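Participant: Letter by letter, the chains look like this.
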Amino acid sequence: MPNIKIFSGSSHPDLSQKIADRLGLELGKVVTKKFSNQETCVEIGESVRGEDVYIVQSGCGEINDNLMELLIMINACKIASASRVTAVIPCFPYARQDKKDKSFFDIPVDNLYAEPAVLKWIKENILEWKNCIIVSPDAGGAKRVTSIADRLNVDFALIHKERKKANEVDRMVLVGDVTDRVAILVDDMADTCGTICHAADKLISAGATRVYAILTHGIFSGPAISRINNACFEAVVVTNTIPQEEKMKHCSKIQVIDISMILAEAIRRTHNGESVSYLFSHVPL
Amino acid sequence: IFCFSSVQRPADMNHTKGGLVIFTANSHPSSREMGKRIAERLGVELGQLQVYQEANRETRVQIQESVRGKDVFVIQTMSKDVNTSIMEMLIMVYACRTSCARSITGVLPYFPYSKQCKMRKRGSIVTKLIASMMCKAGLTHLITMDLHQKEIQGFFNIPVDNLRASPFLLQYIQEEIPDYRNAVIVAKSPASAKRAQSFAERLRLGIAVIHGEAQDAESDQVDGRHSPPTVKTTGAIHPSMEIPLLIPKEKPPITVVGDVGGRIAIIVDDIIDDVDSFVAAAETLKERGAYKIFVMATHGLLSSEAPRFIEESAIDEVVVTNTIPHELQKLQCPKIKTVDISMILSEAIRRIYNGESMSYLFRNIGVDD
Numbered sequence: 001m002p003n004i005k006i007f008s009g010s011s012h013p014d015l016s017q018k019i020a021d022r023l024g025l026e027l028g029k030v031v032t033k034k035f036s037n038q039e040t041c042v043e044i045g046e047s048v049r050g051e052d053v054y055i056v057q058s059g060c061g062e063i064n065d066n067l068m069e070l071l072i073m074i075n076a077c078k079i080a081s082a083s084r085v086t087a088v089i090p091c092f093p094y095a096r097q098d099k100k101d102k103s104f105f106d107i108p109v110d111n112l113y114a115e116p117a118v119l120k121w122i123k124e125n126i127l128e129w130k131n132c133i134i135v136s137p138d139a140g141g142a143k144r145v146t147s148i149a150d151r152l153n154v155d156f157a158l159i160h161k162e163r164k165k166a167n168e169v170d171r172m173v174l175v176g177d178v179t180d181r182v183a184i185l186v187d188d189m190a191d192t193c194g195t196i197c198h199a200a201d202k203l204i205s206a207g208a209t210r211v212y213a214i215l216t217h218g219i220f221s222g223p224a225i226s227r228i229n230n231a232c233f234e235a236v237v238v239t240n241t242i243p244q245e246e247k248m249k250h251c252s253k254i255q256v257i258d259i260s261m262i263l264a265e266a267i268r269r270t271h272n273g274e275s276v277s278y279l280f281s282h283v284p285l
Numbered sequence: 001i002f003c004f005s006s007v008q009r010p011a012d013m014n015h016t017k018g019g020l021v022i023f024t025a026n027s028h029p030s031s032r033e034m035g036k037r038i039a040e041r042l043g044v045e046l047g048q049l050q051v052y053q054e055a056n057r058e059t060r061v062q063i064q065e066s067v068r069g070k071d072v073f074v075i076q077t078m079s080k081d082v083n084t085s086i087m088e089m090l091i092m093v094y095a096c097r098t099s100c101a102r103s104i105t106g107v108l109p110y111f112p113y114s115k116q117c118k119m120r121k122r123g124s125i126v127t128k129l130i131a132s133m134m135c136k137a138g139l140t141h142l143i144t145m146d147l148h149q150k151e152i153q154g155f156f157n158i159p160v161d162n163l164r165a166s167p168f169l170l171q172y173i174q175e176e177i178p179d180y181r182n183a184v185i186v187a188k189s190p191a192s193a194k195r196a197q198s199f200a201e202r203l204r205l206g207i208a209v210i211h212g213e214a215q216d217a218e219s220d221q222v223d224g225r226h227s228p229p230t231v232k233t234t235g236a237i238h239p240s241m242e243i244p245l246l247i248p249k250e251k252p253p254i255t256v257v258g259d260v261g262g263r264i265a266i267i268v269d270d271i272i273d274d275v276d277s278f279v280a281a282a283e284t285l286k287e288r289g290a291y292k293i294f295v296m297a298t299h300g301l302l303s304s305e306a307p308r309f310i311e312e313s314a315i316d317e318v319v320v321t322n323t324i325p326h327e328l329q330k331l332q333c334p335k336i337k338t339v340d341i342s343m344i345l346s347e348a349i350r351r352i353y354n355g356e357s358m359s360y361l362f363r364n365i366g367v368d369d
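Here the protein sequences line up with chains L and X, keeping their order. Heads up: the first sequence begins at 1 in this note's numbering, then just goes up one per residue. Heads up: the second sequence begins at 1 in this note's numbering, then just goes up one per residue.
Wrong hints could be hidden among the right ones.
[Said to hold, decoys possible] Simulated coverage check for chain L against chain X, where a stretch passes if three residues somewhere in it have a Cβ under 8 Å from a Cβ of chain X: (1) 29–41; (2) 214–222.
[To be verified] Under the rule of at most 20 Å between Cα atoms (straight-line distance), these lysine to aspartate or glutamate pairs were calculated in the DMTMM-like manner: (3) X:LYS121 - L:GLU43; (4) L:LYS33 - X:GLU317; (5) L:LYS202 - L:ASP170.
[Stated by the list, open to error] Computed footprint of chain L on chain X; a stretch qualifies when at least three of its residues, placed anywhere within it, have a C-beta under 8 Å from a C-beta of chain L: (6) 79–91; (7) 173–180; (8) 300–307.
Note that these hints are calculated values from the structure, not bench results. None of the values given here were measured: they were computed from a predicted structure. Note that the Cβ used here is the ideal one computed from N, Cα and C, for glycine as well.
Sequences and hints are given; from them, build the entire structure.
Facilitator: In structure tokens:
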């Protein structure tokens with residue numbers, strides 16, 4: 001493909017390499033480092049004049065440092081006369097502090113969905129998927145969960161918090177029947193994992209035979225890993241929007257779905273001016 | 001040097017307007033020192049605010065009082081996590097803007113990334129990027145000190161007050177160095193000659209300039225190009241159209257222009273960060289006969305091994321202001337001394353809030369300072 005360059009920030013070089021491999025490209029030369037005063041320094045190592053540039057940087061790890069690195073890289077490419085600069089941000093930082101929304105940006109935003117990859121994983125890895133039940137760990141995820149349940153033609157359930165009185169701790173209430181079923185918890189991110197571990201306990205005590213958790217972004221901060229190790233999950237499945245190698249060493253229940261092909265395909269389609277919406281319901285091979 | 005009017009009580013300050021609120025948006029405790037000092041001098045309490053980093057390393061800022069209709073001053077010092085300090089400030093400023101503050105003034109004693117204010121190869125002018133981000137977040141005014149390049153003021157489309165630390169450093173020289181009249185102000189490279197000159201003038205002393213090998217660290221080098229170089233193709237260009245290549249500079253061996261024999265040498269600069277060049281300059285000055293060597297700089301970044309190198313060098317004392325917290329470095333190196341400049345920052349805040357003239361703070365500041 002002519003006139004395209006892909007650069008990787010330092011947050012997730014592994015995913016960037018996978019994306020580049022799928023597109024049959026070499027990653028662009030760039031030096032990212034920190035001066036001794038901890039200021040970030042970025043130097044693009046090849047010409048980007050007139051090129052369609054894609055910068056892959058995930059909002060994980062040291063988020064402020066990675067964000068600054070991304071901003072400086074975008075700035076550097078623009079100053080070096082790139083024809084277009086697109087940021088590929090698999091896990092968007094600060095997404096929970098304000099509802100990240102298309103309306104907050106003045107530029108085109110493509111919010112891709114891991115759903116097709118999740119559906120594929122379920123069909124390939126859970127034997128009894130035809131009789132499973134998709135569960136949302138909170139009321140807010142109902143739409144996400146019903147969408148998956150409908151595509152698999154299975155039932156869904158949800159757990160919601162009920163606060164009886166002002167000073168009482170929230171009670172978790174299961175809405176739906178999970179008796180003798182394989183339960184699959186689905187959510188967009190796993191941060192400290194308090195909620196999903198409680199949800200798993202709830203599901204087991206309500207009669208579920210096995211509990212899986214499928215979460216798009218595996219942030220796993222704080223006590224998350226030890227909580228998962230002590231909880232009753234069959235497996236905790238996340239995508240590789242965030243590097244998981246280190247965490248997998250400490251927790252054997254974590255499995256990873258590779259979404260590099262979705263991002264690679266999105267890049268290819270954007271570069272060729274093709275529709276990206278195909279990816280909202282299909283996983284590229 | 002400065003005679004300030006007596007500190008006004010909070011009640012006086014709220015006369016016609018919505019009121020004054022001062023916040024310090026740093027999560028790092030040592031970075032909050034400056035904010036506390038300034039608030040003390042102004043006789044106000046710091047605004048109620050929670051700034052912290054969540055488990056997933058995202059910064060969270062929660063303002064716990066109303067800023068509607070108020071004049072907000074956000075004091076932000078740069079901790080060793082520069083990017084986090086910047087993010088804290090941006091989130092704070094944006095939060096104040098969306099909460100209808102009347103005005104938001106940033107007080108950044110040291111402006112971050114100011115050494116990346118020039119185009120280097122295929123880099124980015126980060127100072128401009130940060131200036132744009134701050135203005136976009138809602139900053140209406142900026143107070144800072146001794147900008148690395150004065151032109152950085154032009155990166156902003158809001159008023160910028162670039163205060164000077166030199167009166168404080170000059171006062172230190174006159175009060176703490178007994179035989180300062182036998183001193184020579186030294187520029188460790190031609191780049192800081194103008195600054196050395198402006199100090200020397202005010203003290204009625206001579207100057208010396210060091211020039212030669214082993215000069216500035218990479219971040220200060222402007223490589224003479226302003227865009228990526230053209231690819232050199234051997235046969236493709238007609239000989240008469242060949243663009244003449246810039247002759248590479250040949251650095252002479254280290255020379256000291258000016259006499260320092262039998263004198264105290266006072267090296268002045270705006271930033272002291274990596275100290276290799278300072279240590280080398282001190283060696284040279286000692287060889288040329290200087291019997292005592294001081295280094296005076298506004299911003300003491302003193303990164304990584306700097307304290308150790310200073311301790312082992314020919315430098316007798318390093319004097320910096322408290323624009324950047326450096327308590328740790330002081331513990332590692334007793335040669336480091338601090339000059340407090342919080343009074344000029346608090347005076348600037350007071351004058352801006354009351355709509356008074358700032359020119360008093362700039363008297364006796366020459367064009368080259």
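Participant: Hint by hint, which ones does the structure fall short of?
Facilitator: 4 and 7
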